[in-house]
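S.K.: Position chain B against the provided structure of chain A, taking the given hints into account.
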Amino acid sequence: MTTATLSRVGRDLALPREAEGFDMPAIARRMWRPLLAMGLMAVAAGVVTGIVQATLSTPLHVAQVAAWNPGLLFLGVGLLLGSVTFLLATILGELRDGGTSVQKALGEQALILKRPLTGKLFPPVMMMGLMTLLATLVVGFVEAARLDTNPSGAADIAAWVGPLRFAGVALLFTSVSLALATIVRSLRFQAGRIQQIADQRSK
Amino acid sequence: MKDLDREASQRQTLAFALLGLVTIGWMAGLAFGFAAAGGAGGSLVRTTPAWLSPALQGVIGIAIASVAVVLTAITRRIRIRAHVLSEALPRLLN
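In order, the protein sequences belong to chains A and B. When you number the first sequence by this note's numbering, it's gap-free, plus one each residue, and the end is 203. When you number the second sequence by this note's numbering, it's gap-free, plus one each residue, and the end is 94.
Warning: the hint list may mix true and false statements.
Claimed, not checked - Counterexamples of contact, computed for chain A against chain B with all Cβ distances above 10 angstroms: (1) R17; (2) E18; (3) E20; (4) D23; (5) W32; (6) V43; (7) P124; (8) M131; (9) A135; (10) L164; (11) A181; (12) V184; (13) Q195.
Claimed, not checked - Computed spacing ranges between beta-carbons, pair by pair: (14) B:I24 <-> A:A37: 19 to 29 angstroms; (15) A:M131 <-> B:L92: 22 to 32 angstroms; (16) A:E108 <-> B:D3: 26 to 36 angstroms; (17) B:L4 <-> A:A26: 16 to 26 angstroms; (18) B:G38 <-> A:W160: 26 to 36 angstroms; (19) B:D5 <-> A:L117: 43 to 53 angstroms; (20) A:G21 <-> B:A31: 50 to 60 angstroms; (21) B:Q10 <-> A:G153: 46 to 56 angstroms; (22) A:L121 <-> B:E7: 29 to 39 angstroms; (23) A:G153 <-> B:F16: 27 to 37 angstroms; (24) A:D156 <-> B:Q10: 49 to 59 angstroms; (25) B:R81 <-> A:G153: 50 to 60 angstroms; (26) B:A40 <-> A:M128: 40 to 50 angstroms.
To be verified - Coverage of chain A stretches by chain B, computed from C-beta distances (three or more under 8 angstroms per stretch; other residues unrestricted): (27) 33-40; (28) 72-78; (29) 84-94; (30) 97-109; (31) 141-150.
No wet-lab data here; the hints were simulated from the structure. Cβ atoms here follow ideal geometry from the backbone N, Cα and C, with glycine treated the same way.
Pulled out of the complex, with its shape left as it was, chain A reads as follows (with noise of 0.2 angstroms):
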């Protein structure tokens, strides 16, 4: 549907400002917020496990705390970078509504960038990176609770969820990276178009 209205600028495909339809900066200003929040406190709370566990006497104790407290930190690490990627969609919404009003003053149609791959990919890539991180901490518990009865069960448990913490969070700076490729794409875009209306303009 929105083909039809599709334009070039420079290298890139815009299309009208009122032609599109999800809008991602707007669920992304609502949520950096939380996210924020229930990162430091994961953070703080993975922190306050650590020290309570250095006082731990009992060795079985010490190992259950630690085979679940890094996924509590690794949760609220991936929390926080969850937020700082809601915050890049955030200022690409920001440059897009910039850039409209940009247009708009100068009595031009306002144009946006068409939504490329990259800005496509962010938000699932990110989510997945916190779906598995949430999935670590979970198995952190179940690793935490067979050490009691199953020792070597817990063990093939801890040999796959440590790497599997760290792909959580390579997913989430993924993720950012694709959200800054997406800002350079923005950016590329708003200084084509003022070129653009520049050589209309000047003709």
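M.R.: For chain B alone, kept in the frame of chain A given last:
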């Protein structure tokens, strides 16, 4: 516009303060790590292996939070930039 400018400046200052905290945090972490490796006494140093990694992940958390604070400052600067361009560009082109 002045409010946006003030907010952006305040957030930049806050981000720098958080970065100061991060710097102190990782330096203290390194010091505790070396103290634990050197076999120094004291209950705090002896229990270091248990709490140092979580504490340093807390430092990473503060560092990421400072990134978030800087991004909120950037958001405000973009709004100011859009406002200035909307005002100035029509006058320049006409």
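S.K.: Compare the structure with each hint and give your call.
M.R.: Hints, one by one, checked against the model:
Under the 10 angstroms C-beta cut-off, the non-interface status given to A:R17 relative to chain B holds; the minimum distance is some 14 angstroms. Here A:E18 stays apart from chain B, with its beta-carbon at least about 18 angstroms from theirs, past the 10 angstroms limit. Non-interface status of A:E20 relative to chain B is upheld: no Cβ of that chain comes within 10 angstroms, the nearest being about 17 angstroms off. Here A:D23 stays apart from chain B, with its beta-carbon at least about 16 angstroms from theirs, past the 10 angstroms limit.
The Cβ of A:W32 sits about 7 angstroms from the closest Cβ of chain B, inside the 10 angstroms cut-off, so the non-interface label is violated. For A:V43, the shortest C-beta to C-beta distance to chain B comes to about 4 angstroms, within the 10 angstroms cut-off, and the non-interface label is violated. At the 10 angstroms boundary, the C-beta of A:P124 stays outside the reach of chain B, the nearest C-beta of that chain being 21 angstroms off. Once the 10 angstroms rule is applied to beta carbons, A:M131 is consistent with being away from chain B; the minimum gap is 19 angstroms.
In this structure A:A135 is separated from chain B by more than 10 angstroms, as the shortest Cβ-Cβ distance comes to about 19 angstroms. The claim that A:L164 lies off the interface holds: its Cβ sits roughly 17 angstroms from the closest Cβ of chain B, which is beyond the 10 angstroms cut-off. Under the 10 angstroms C-beta cut-off, the non-interface status given to A:A181 relative to chain B holds; the minimum distance is some 16 angstroms. Look at A:V184: its CB is around 14 angstroms from the nearest CB on chain B, clear of 10 angstroms, so calling it non-interface holds up.
The non-interface label for A:Q195 is consistent with chain B: the shortest C-beta to C-beta separation is roughly 12 angstroms, beyond 10 angstroms. A beta carbon spacing of about 24 angstroms between B:I24 and A:A37 agrees with the range 19 to 29 angstroms that was offered as a hint. Taking the beta carbon of each, A:M131 and B:L92 are about 49 angstroms apart, not inside 22 to 32 angstroms as hinted. As the Cβ distance of A:E108 to B:D3 is approximately 29 angstroms, the hint placing it in 26 to 36 angstroms holds.
Between B:L4 and A:A26 the beta carbons are some 20 angstroms apart, a value that agrees with the proposed interval 16 to 26 angstroms. Range check, B:G38 to A:W160: about 34 angstroms between beta-carbon atoms, so the 26 to 36 angstroms window is met. A hinted range of 43 to 53 angstroms is violated for the C-beta pair B:D5 and A:L117, which are about 36 angstroms apart. Distance hint check: the CB atoms of A:G21 and B:A31 are about 54 angstroms apart, consistent with the given range 50 to 60 angstroms.
Between B:Q10 and A:G153 the Cβ separation comes to about 52 angstroms, which falls inside the hinted range of 46 to 56 angstroms. Take A:L121 and B:E7: their Cβ atoms lie about 31 angstroms apart, and the range 29 to 39 angstroms holds. For the hinted restraint 27 to 37 angstroms between A:G153 and B:F16, the CB-CB distance of approximately 48 angstroms leaves it violated. Hint check: A:D156 to B:Q10, Cβ distance near 51 angstroms, so the stated range 49 to 59 angstroms holds.
At roughly 57 angstroms, the beta carbons of B:R81 and A:G153 sit within the given window of 50 to 60 angstroms. At about 44 angstroms, the beta-carbon gap between B:A40 and A:M128 stays in the expected band of 40 to 50 angstroms. Given a C-beta distance limit of less than 8 angstroms, the hint that chain B covers the segment 33-40 of chain A holds, as 3 residues qualify and 3 suffice. Closer than 8 angstroms: that is the beta-carbon criterion, and the segment 72-78 of chain A has 4 residues meeting it against chain B, so the requirement of 3 holds.
Requiring three or more residues with a Cβ within less than 8 angstroms of a Cβ of chain B, the coverage given for the segment 84-94 of chain A holds, as 6 such residues are present. Restraint check on the segment 97-109 of chain A versus chain B: 9 residues with Cβ-Cβ distances below 8 angstroms, three needed, restraint holds. With 0 residues bearing a CB less than 8 angstroms from a CB of chain B, the segment 141-150 of chain A misses the requirement of three and the coverage assertion fails.
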